[in-house]
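> Work out the full structure: start from the sequences and follow the hints.
Here are the chains, one letter per residue:
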Amino acid sequence: MAIDYPDQRDAAPLTNELAQTVLGFRVGELGFLLPASLHCEVIERLPVNPIPNVEPWFSGLLNIRGNIVPVVDLHCLLGASPGKKRYLFAVDRGDKAVALWIDGYPQILTGPDRSLQVPEALPILPVRLQRYVSGAYWCSGQAWFPLQFGQLFKALGCGYAAKDTA
Amino acid sequence: MAIQKILICDDSQTDLANLQTALKGTQCQLLTASDGDEAIRKAKSEQPDIIFMDIVMPGMDGYAACRSLRDDPATKNIPVIFVSSKHQKADRVWAQLQGAKNLIAKPYEAAEITAVLSAF
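Protein sequences, first through last, are from chains A and B. Taking our numbering, the leading residue of the first sequence gets 7, the next gets one more, and so forth. Taking our numbering, the leading residue of the second sequence gets 865, the next gets one more, and so forth.
Each hint can be trusted.
Only some residues are given here: those of chain B computed to face chain A with a beta carbon under 10 Å:
hint	residue
1	I919
2	D935
3	A954
Here are the computed lysine-lysine pairs in the DSS-like style, where the Cα-Cα straight-line distance is at most 25 Å:
hint	chain 1	residue 1	chain 2	residue 2
4	B	K908	B	K940
5	B	K869	B	K908
6	B	K953	A	K90
7	B	K953	A	K91
Honestly, the hints are just simulated from the structure, not real lab data. C-beta atoms are modelled at their ideal positions from N, C-alpha and C, and glycine is treated no differently.
What follows is the structure in structure tokens.
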């Protein structure tokens, strides 16, 4: 199956980084790639404060050193089954920061060593993600998708605000 | 490997001073940096034998700096030791995945710092 995702416009920055090192994290069967230059950290033992009357994928808010960070459950958003061990993975900083529930620890993938390859066949991406994925790679028996997470969460937030004011 | 030149990186002047005090007895040349970008620049130009680095810093943080150092052939063999108040199990695993050799929890005893040095 040839992969032809709709939005390839922002693929260049991460594609360039794929020759170097990228960050990978898993949500269910899907793997996602982020630029290694992005601020990110694994969070342990911090309480997620739930918010009433929100979408199920919005787990709540996390206080990371005084910064209030929204927590998004991609499993819920994508209809994926959570793994046995989930971690919170905080990505980016300031008002762009988002924490995600991920399966297992994130990984450091190095292009030349890990041989990230363009695949011929991959799992079908959930429709909700297709606009925000700029390609697909195969590495160590796992499909990896470069995720434009900033655009995804901006769109989720805009959609949610529009729904709330309607 | 005899350690002669040490780069220490922390955005807190107090923590930088504490590390300098802990390392004073080693007679090593001490270089300082206040964020990840500066640490990378100094690592390339000064080629220290080891780097002690905080994790949470403004600008480029310790994790991203460590990834960048590991990615550059000029700096990939310089051992990085994180010195941070982030020292839960997940932090330690994540630090190791970045390529760091160790993570020393703040607050620390000076002996912990020198013990790490003796391993190199």
